[in-house]
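Please model the entire structure based on the sequences and the hints provided.
There are 2 protein chains.
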Amino acid sequence: VAIVGVGLIGGSVGQALRAKQLAKEVVGIGRSTAKLDEAVALGAIDRGSTSLEQGLQDADIVVVCTPVDRVAADIIAAARATGPNTLITDAGSTKQSIVEACEADDVAIAKFVAAHPIAGSERSGAAHARADLYEGRVCILTPTAQTPIAFLERAKAFWSSIGARIIEIDPATHDRHLARTSHLPHALAAALAAIVTPAMVPLAGGAYRDMSRVAGADGSLWVKIFLENRGAVIQALSDYNQTLRSFESALVAGDAELLRNWWESARVNRLAYDLQNGLGSVPSGGSGE
Amino acid sequence: VAIVGVGLIGGSVGQALRAKQLAKEVVGIGRSTAKLDEAVALGAIDRGSTSLEQGLQDADIVVVCTPVDRVAADIIAAARATGPNTLITDAGSTKQSIVEACEADDVAIAKFVAAHPIAGSERSGAAHARADLYEGRVCILTPTAQTPIAFLERAKAFWSSIGARIIEIDPATHDRHLARTSHLPHALAAALAAIVTPAMVPLAGGAYRDMSRVAGADGSLWVKIFLENRGAVIQALSDYNQTLRSFESALVAGDAELLRNWWESARVNRLAYDLQNGLGSVPSGGSGE
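The listed protein sequences derive, respectively, from chains A and B. Read in order, the letters of the first sequence are residues 55 to 343 in my numbering. Read in order, the letters of the second sequence are residues 55 to 343 in my numbering.
These are calculated hints, taken from the structure and not from any lab test. Note that the coordinates shown come from a computational prediction; the quantities given were computed from them, not determined experimentally. Beta carbons: idealized from backbone N, C-alpha and C, even for Gly. Misleading hints may appear alongside valid ones.
Said to hold, decoys possible - Some residues of chain A that are not near chain B, with every Cβ distance over 12 Å (derived):
# : residue
1 : D91
2 : D160
3 : A173
4 : T235
As the list claims (entries may be wrong) - Chain A stretches covered by chain B per the calculated footprint, using a threshold of three residues with CB under 8 Å from any CB of chain B:
# : stretch
5 : 207 to 216
6 : 266 to 280
Okay, structure coming up:
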């Protein structure tokens, strides 16, 4: 197995493969020899290479884990550097633009299966990689009518082998839903962090801590994701703003019943999350802080 | 010590006092005999009473832990039911309206010290109380020029004795800052939950999980807090909206540099939180999810 981009995401794939002894050899491909050496020392890969062509020789599976603005180009390059039986999959947070770019390339389309494992951290780098990062987490696959079934089955088996639960949806739905469940929320975390100055921080409790956590993430990665999924993020923000305007007008009017109804209609969605994730129902909620 | 309102907050005060053997007796005052019996069974109080007058007899300290719209009236009633040496403190999430109401009452003002321990959970009820809920957490005291120094010192000693770190600020600053660090964030969590339907929930990762957690809280409690601190919450929302508009216009323009600058100016605030809370600096942030 070859991993292109050995950071938190790629490094965790490597650690999982090595911990479970699923691959004869795990090769990391990156631009920095120092980072590849570190990844070897951390047990994320068996060896590193700064050359795509050399690193991908003999690879049965290539996992592209570079930032979203580089994923499509790296998939296409990997497709050209490997034989017809090499499965190529990725871990990009957006899917439609990546899938479109790859489907425009005859070589890539014949062996690429788009994937997005829903796992990570606000930390980055192989130093924060974990062999169990994908254990029990969802990995979304976004095959299209053009995706070869045999490769789709291999991609399912691959992501399952490192612990992920597979969900299949189409790329556009992926991007529309992820704009709401992940991309926009990162911007909202940053917007909240922006209005809480360091002087107020000693007064912040659990709500602020959890809601602003991902604002500590790497901005350059997130700016790329926002731009790759711009349309869906703008639409999600428009709906979010509409929801907030309902809250604001009920608050300005001092209308307790409107506010309660507004809260309850949101709360049922959160309770659905709790139920689906085995957190149990919360028959009587508390103060939240 | 008497505790008026034995839910998560009051029950945790009682459990801490009993675990540390700080009080001769902990008496709970509430409206429901069944809930008081449950609080006794859970070890939160020694005995319960549905009568304020009877429950407060011989109390050295009264802690009012009822919902914010009832706190001021309960403090004033407790002040009238106790002698001149009884300290009365509270745990209300808003402070200015409570302090104003109590300062308009000659009996209450002579022995009341306003407090807000920054601790809690999205769960409620004595069943979720914990003896260590206040351990290492901040308790904000909001004394004014009218607060008797001797009672202020006793309030500091009381909240410190159950593990809290004391911060003193004035009631208006408390409400302005808490609107940003706690009250508005609860509404933002609900607004996010509102746009993520149950069908999208399987695609939600850590960012959604943490950012919507408090949307599971009891709406009736939060509606009261929003209304009690309406002006500051509306102002905080206005600043938040302005921040989001900057994000939106940079995104619509596709301006990566503006987006990166926007993200970084928010991120430094979050890193200040990490530093102050011993979470260490995060030299290179990750993907966030």
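Right, here's what the structure says about each hint:
Even its closest Cβ contact with chain B, about 17 Å, leaves A/D91 beyond 12 Å, as expected for a residue assigned away from the interface. In this structure A/D160 is separated from chain B by more than 12 Å, as the shortest Cβ-Cβ distance comes to about 30 Å. In this structure A/A173 is not separated from chain B by more than 12 Å, as the shortest Cβ-Cβ distance comes to only about 7 Å. Under the 12 Å C-beta cut-off, the non-interface status given to A/T235 relative to chain B is violated; the minimum distance is some 4 Å.
As drawn, the stretch 207 to 216 of chain A meets chain B at 0 residues by the rule of a beta-carbon pair under 8 Å; below three, the given contact is violated. Three residues within the 8 Å Cβ limit are the bar, and the stretch 266 to 280 of chain A against chain B gives 14, so the coverage statement holds.
The structure is inconsistent with the numbered hints 3, 4, 5, although it conforms to all the rest.
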